[in-house]
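A.B. asks: Protein chains in written order, with numbering that gives the first Met the number 0: chain P, 0 to 98; chain U, 0 to 538; chain E, 0 to 215.
No wet-lab data here; the hints were simulated from the structure.
From a predicted model like this one, the values you see are computed outputs, not experimental measurements.
It is possible that some hints are incorrect.
Unchecked claim - Straight-line Cα separation of at most 30 Å, DSSO-like style, residue types lysine-lysine; simulated pairs: (1) U:277 to U:491; (2) E:18 to P:7; (3) U:105 to P:63; (4) P:63 to U:282; (5) U:111 to P:66.
Said to hold, decoys possible - Between beta-carbon pairs, the in silico distance windows are: (6) U:9 to E:111: 32 to 40 Å; (7) U:141 to P:94: 27 to 35 Å; (8) P:6 to U:328: 49 to 57 Å; (9) P:70 to U:368: 30 to 38 Å; (10) U:321 to P:11: 53 to 61 Å.
Beta carbons are placed, not taken as given, at the ideal position from N, Cα and C, and that holds for glycine.
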Amino acid sequence: MTEHIVTKKQYALIFAILMLLTFATTVIGMIDLGRLNVVVALVIATIKALLVVLFFMHIYWSSKLNKLVVVSGVVWLALLLWLTLTDIFSRGWLPFPGK
Amino acid sequence: MITATVETRENYLTHEYGVKSWLLTQDHKRIALLYLVAISFFFFLGGIFATVIRLELLTPPGDLVSAQTYNKLFTLHGVIMVFLFLIPSIPATLGNFLVPMMIGCKDLAFPKLNLLSWYIFIVGGVFVLYAMLVGGVDTGWTFYVPFSTSYANTYVIMTALGIFIAGFSSILTGLNFIVTIHRMRAPGLTWFRLPLFIWSMYATSIIQVLGTPVIAVTLLLVALERGFHLGIFDPALGGDPVLFQHLFWFYSHPAVYIMVLPGMGVISEIVSVYSRKKVFGYKFVAFSSVAIAILSFLVWGHHMFVSSQSVYASMVFSFLSFLVAVPSAIKVFNWTATLYKGSISYDTPMLYAFGFIGLFTIGGLTGTFLATLGFDVHVTDTYFVVAHFHYIMVGGTMMAYLGALHYWWPKMTGRMYPELWARLSALVIFLGFNLTFFPQFIMGYMGMPRRYHAYPEEFQVYHVLSTAGASVLAVGYLIPAVYLIWSLRYGKLAPDNPWNATGLEWQTTSPPPPENFDITPVVNHEAYDYSILEEMKVG
Amino acid sequence: MANHTLALRHQFDNIEQQKDASTFGMWVFLVTEILFFGGMFCCYTVYRSMYPSAFGHASNHLGLILGAVSTAVLICSSFTMACAVNSAATGAKDALVAFLWVTILFAAAFLVIEMSEWRMLYKEGLMPGFNFTYRDIDPAHVQLFFCMYFAMTGLHASHVTIGIGLLMVMAFRASRGTFTPQYYTPIEISGLYWHFVDLVWIFLFPLYYLIARHLQ
Numbered sequence: 000m001t002e003h004i005v006t007k008k009q010y011a012l013i014f015a016i017l018m019l020l021t022f023a024t025t026v027i028g029m030i031d032l033g034r035l036n037v038v039v040a041l042v043i044a045t046i047k048a049l050l051v052v053l054f055f056m057h058i059y060w061s062s063k064l065n066k067l068v069v070v071s072g073v074v075w076l077a078l079l080l081w082l083t084l085t086d087i088f089s090r091g092w093l094p095f096p097g098k
Numbered sequence: 000m001i002t003a004t005v006e007t008r009e010n011y012l013t014h015e016y017g018v019k020s021w022l023l024t025q026d027h028k029r030i031a032l033l034y035l036v037a038i039s040f041f042f043f044l045g046g047i048f049a050t051v052i053r054l055e056l057l058t059p060p061g062d063l064v065s066a067q068t069y070n071k072l073f074t075l076h077g078v079i080m081v082f083l084f085l086i087p088s089i090p091a092t093l094g095n096f097l098v099p100m101m102i103g104c105k106d107l108a109f110p111k112l113n114l115l116s117w118y119i120f121i122v123g124g125v126f127v128l129y130a131m132l133v134g135g136v137d138t139g140w141t142f143y144v145p146f147s148t149s150y151a152n153t154y155v156i157m158t159a160l161g162i163f164i165a166g167f168s169s170i171l172t173g174l175n176f177i178v179t180i181h182r183m184r185a186p187g188l189t190w191f192r193l194p195l196f197i198w199s200m201y202a203t204s205i206i207q208v209l210g211t212p213v214i215a216v217t218l219l220l221v222a223l224e225r226g227f228h229l230g231i232f233d234p235a236l237g238g239d240p241v242l243f244q245h246l247f248w249f250y251s252h253p254a255v256y257i258m259v260l261p262g263m264g265v266i267s268e269i270v271s272v273y274s275r276k277k278v279f280g281y282k283f284v285a286f287s288s289v290a291i292a293i294l295s296f297l298v299w300g301h302h303m304f305v306s307s308q309s310v311y312a313s314m315v316f317s318f319l320s321f322l323v324a325v326p327s328a329i330k331v332f333n334w335t336a337t338l339y340k341g342s343i344s345y346d347t348p349m350l351y352a353f354g355f356i357g358l359f360t361i362g363g364l365t366g367t368f369l370a371t372l373g374f375d376v377h378v379t380d381t382y383f384v385v386a387h388f389h390y391i392m393v394g395g396t397m398m399a400y401l402g403a404l405h406y407w408w409p410k411m412t413g414r415m416y417p418e419l420w421a422r423l424s425a426l427v428i429f430l431g432f433n434l435t436f437f438p439q440f441i442m443g444y445m446g447m448p449r450r451y452h453a454y455p456e457e458f459q460v461y462h463v464l465s466t467a468g469a470s471v472l473a474v475g476y477l478i479p480a481v482y483l484i485w486s487l488r489y490g491k492l493a494p495d496n497p498w499n500a501t502g503l504e505w506q507t508t509s510p511p512p513p514e515n516f517d518i519t520p521v522v523n524h525e526a527y528d529y530s531i532l533e534e535m536k537v538g
Numbered sequence: 000m001a002n003h004t005l006a007l008r009h010q011f012d013n014i015e016q017q018k019d020a021s022t023f024g025m026w027v028f029l030v031t032e033i034l035f036f037g038g039m040f041c042c043y044t045v046y047r048s049m050y051p052s053a054f055g056h057a058s059n060h061l062g063l064i065l066g067a068v069s070t071a072v073l074i075c076s077s078f079t080m081a082c083a084v085n086s087a088a089t090g091a092k093d094a095l096v097a098f099l100w101v102t103i104l105f106a107a108a109f110l111v112i113e114m115s116e117w118r119m120l121y122k123e124g125l126m127p128g129f130n131f132t133y134r135d136i137d138p139a140h141v142q143l144f145f146c147m148y149f150a151m152t153g154l155h156a157s158h159v160t161i162g163i164g165l166l167m168v169m170a171f172r173a174s175r176g177t178f179t180p181q182y183y184t185p186i187e188i189s190g191l192y193w194h195f196v197d198l199v200w201i202f203l204f205p206l207y208y209l210i211a212r213h214l215q
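Generate the whole structure from the sequences, applying the supplied hints.
C.D. replies: The structure is reproduced here in structure tokens:
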């Protein structure tokens, strides 16, 4: 198997970006962007997560199977959240109590 | 042709003796037997609870046990049967034994993890047993909040923790199977040459891995709420009891497919052998297994139609529930097509397979009735639902489990079971089962609620029939328990391949050697290719 | 080379298959962890959508600096863990042991910060089940927020603790020379676990600490 060794320098670059993004999300959190606050915070968190998964956890260089496994996990969590939220958000749409 | 091979070499049962060699084994075959003993114990324990329930229900007034005791009975019956028997049943016993053998490797990917899974299962079981012995739990196996978190005064935390722990056993077994099937197949064994049992174990493992963690964390939250007053589901704090139900059923619906998919895999194997035909539509059956695994996660809301889940969500879940019936139906059609023009023999495993196909079909069809919103409102929380899931779990899974046990008994133990007694008990089980559960459809439709220990006079005749059936069923289950154990000592010695089946597990001795195969098999033919059996005969 | 063959387990044909299987197995396990924490993220999402202002209000009672620093500390620990994996792959045994111990130190520092945050909340009467005396705006839903907060950070902290134990075992094995560039799979899969623990916190931080800072 092609043993791809990631150098400490490459890790250091990712580390620097992560720290920068952490600082950014903290500061941006203090600015009023209305409904965009949560969007920006989650986008930054997702970018950080991607950096960790792709480069610290080596998914970038891993087999298609491992990539599929990661994607499945995320998709399943999204499924849980989304279908549950369809219930939460569509309550009260009908004029009957409890519906 | 079929000659009894005298055991001159050591096999996995004889090459080591002593308690330590069993309790510290890493051999997947021995671990399978450890599971077999454990789950058999839990099956009979769950059966005892069922017996008391059916005895109580003989008469309309609640005269045998108090209401709270009755609540504990059906709760423990459910908890033990679902979590400590059905979920592990086929995967942990037959799956553990057969997966490495069917794919031609020496053991699972992580043998030590496999042994750990068994110990974790035992610890979980002990927690549940302890809770049962010190007072039991009365919330129903579904642990609905806020009753289980705020009002129940029984051993909820202990039971929930037991299930939580046993869940990890399930997760680790599924993980082991997924890695093994992906990474350790014999040379030439491509995905579409795999036995369909492996496909169904693979699909089952996917469900175990993706679903079980959610119920684990949900039960953990219930325990945290009871123990530390972290009122996550407490309505007084704005907590939503329906949210609990969403999380609970996100696992517990796919869980029923954990329970039935392995059974379907077994049926594919059995129907093929005893028709002497390859399974019709192999790829359809294989893809259906995976489709069931995926679709099973999209339908959980059909358990919540009357819970105040929104109507629109209910409609979506209802539609998706019809969808999930399709791959199951495809499998039933394919098994039927396999039988068509096959050379059918009525050995015991085949009798169980016939039972499965008929009873699972009834159970599955009534599932679609329940998926229909309007009808469900009428029969929800009645015996109609109880009959539906028992048709699948007992008429389906349990029959497949017994069929599988008989089919692979010669391979696992090196002994044949007594065919006459076996066929007789299959018949007794089939009759007893239908007598027990068919009346329940009728009385459920007529309004008999579930989980009630006292009921109006008009339902008594159905309950009496049901209890009579249950006693026949109990006899039917006891007979195999006796003769299977008897056969370990007195049964005829089994040949390597008593059924003349294809499949790598039959190309090795009965019982197999510790490392399964002397040389790694190389596969260059399709599954269920009966023409190659002649070529494979090595003198 | 002796190390190489000794590490190969009998069920595998070769060391590559073993490494592939082990890594794949760890990823499957991490998916179960995604769903495990995911259940709690689901609860959080539902309740935040139901009670947005109460959650925002409650969030501002958390220590922002403490939260940001603990995030940074965990990212540092992820970095040193990655460096440990690199050291194992290049056969730098002393560096491997050192990086593992630094990772453990960062992890411990995270727990210390976490515990001081908890202590602060307890003293302010914001710890449900032990000392919850908040009576201001929307006390019921604020209490719900803190139930979720302690449940999730508690579950996360337990994973950090397990990770510390795991890394200590790795550090001891590494100091005894168990790992070589041909065989360092346990380090790699421990790294995967550790990065996952970091990942959870990467989402916990904005979701709990940054809901309504702009309103403060």
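A.B. asks: Hints first: check each against the structure and report whether it holds.
C.D. replies: Here is how each hint holds up against the structure:
{"no.": "1", "hint": "U:277 to U:491", "verdict": "29 Å, holds"}
{"no.": "2", "hint": "E:18 to P:7", "verdict": "22 Å, holds"}
{"no.": "3", "hint": "U:105 to P:63", "verdict": "26 Å, holds"}
{"no.": "4", "hint": "P:63 to U:282", "verdict": "23 Å, holds"}
{"no.": "5", "hint": "U:111 to P:66", "verdict": "26 Å, holds"}
{"no.": "6", "hint": "U:9 to E:111: 32 to 40 Å", "verdict": "56 Å, violated"}
{"no.": "7", "hint": "U:141 to P:94: 27 to 35 Å", "verdict": "30 Å, holds"}
{"no.": "8", "hint": "P:6 to U:328: 49 to 57 Å", "verdict": "55 Å, holds"}
{"no.": "9", "hint": "P:70 to U:368: 30 to 38 Å", "verdict": "36 Å, holds"}
{"no.": "10", "hint": "U:321 to P:11: 53 to 61 Å", "verdict": "54 Å, holds"}
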